[in-house]
Amino acid sequence: MNETESFQIQILNTFICQKLGEDISDCQDSLSTNINNNRFCVADGVSRSFYPAIFSGLLTNLFCNGDMPENTELFSQKKWQKWLEIAQHEWLKLVEEKVDQTNKYYIKNRFYNKEHAGATFAGIEFQENERSIIFNAMIIGDSCIIHIDQAHKKTNKYLIESSKDFNFTPNYFPSRPVQEKSFQPNFLIDQPVSVDDIIVVATDAIAKWLLLLIEKREKLIFNDIHKLTYETIDKYRTDQSYPLENDDIALLVLKVVQPKQKG
Amino acid sequence: MAYNKVPIGTSNPGLTMILVDQSYSMRDAYGAGQKKDVAAMAVNRVIYEIVLACQSGEKIKDRIYMAVIGYGDNIDVLIEGKISEIAENPIDTKEIMKKEPDGAGGLVEVKTIMPIWIKPKAENGTPMGHAFDVAHRVADNWIQKNSDNFPPIVINISDGEPNDPDHTRDAALRLMDIQTNDGKLLMLNAHISDLNAGEVLLPNSDVGLHDEYAKFLFEISSELPQTLIDAAINVGFSPPENARGFLFNAGAENLIKLLHFGSLGTLR
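If you read the sequences in order, they're chains D and U.
If you read the first sequence in our numbering, its first letter stands for residue 21, the second for the next number, and so on.
If you read the second sequence in our numbering, its first letter stands for residue 208, the second for the next number, and so on.
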């Protein structure tokens, strides 16, 4: 961020947690942030797939911090694929090492069978564009982006717009090339944002719950979303009115702010 | 009853029990082999699929407790415990080459290590009622520690009538009376036969059943909750409204499908 830029992204909350009753090492969700290039993302590893946590971690880390080869444009329909190929290549390398070191039949069989990991994904990048602030985003599956326009008291939801629209078979990125399944992400290009707007990037369970709250009692999301903690999450999981599903969670709450004046 | 507490994580595990008839008549021809071979193969396969469904990275999460009870010359608890312990302790493994689609319209041979927990056996009579008694003990012990969880699922595979019908009925009804706060124990029965006598698949009434034994098995089969109805549809069954977990004169393919949806249907 240089001194002439007109905005910064303030991270109000980064929150990741596992299902109730499990260890954090069991969590298949990942998130990553980079305030230098204004990239932020979450990924949700498909829990029954093969080594999903490794894959979701690679996707998020490469998106925010990876050196992209020339001609890779993350938000281009035609030029984003190299990023996924790098993640797939790295995943295979790490999984091969693990398979070599184990004698567990259930791991070896899945590897012999060329099984892959899957992960849903939502990644966003903020930019200035001719003195306005915009974001570009890439989304696949049921990871979500919620844009809360503070000035207009308006909420834009991507891609899923209703808490009723989540299901158990979302689209996802595979960790190996898979011929029979489409894994083309959706892109949001040049979406305007303003100072004070809040952007939520979230995996499915928490996104579904936030959409439900928006639908039912909107105030809470505006006032408290940046206060979510391990304690409050557990409370919400047992809430009788609006229970949060017991699932892994990755959540980013971002705010567009004016840069601090220097001197 | 709710049947809402499906074992998504390890905090509310389920219990699945499989009861396998190991009486002498299981030597009869069935599918490509004998009934005892197909039953053992199907049970081994479904245990392996449960292991895979509970795998997370290198770990097996204890989303399910399992028991397999064989009944023939004895009542043998062949397996009982957490799925993570069961996964690590097959009694044997066998390396086979499986043909799998290569993604381009052809087949390719893939090496597979098949774990074996249950060996085929067929001796003596059919003490089904005593097997239900043992299942009752296992379920009762489990519920003491898991009273809010999804209730136990019992899948009974048999090819013939029990030794003692009266005791078997009493034991079955006692077993079906067990419940957690989420619902009553679910009993599924697969009567297997190679007679081509007409398969009855997940009926919702005993009106079309002309055999007294079929009516008895219908009586001791539970109505399927929505979770298992959905799972049954996923494996290719077309259950009617209020369908019960019951197959009569089932061939090998439908036996495997019932085992699959009954055991894996609650695991997301």
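Hints were generated in silico from the structure; no laboratory data involved.
Ideal placement from N, C-alpha and C gives every residue a C-beta, glycine not left out.
Do not take every clue at face value.
As the list claims (entries may be wrong) - Which chain U residues face chain D? A few, computed with CB under 8 angstroms, are given here:
(1) 217
(2) 260
(3) 265
(4) 268
(5) 312
(6) 314
(7) 318
(8) 320
(9) 323
(10) 351
(11) 354
**Study point:** Earlier hints that do not hold, by number
**Key:** Violated hints: 5, 6, 9, 10 and 11; rest satisfied.
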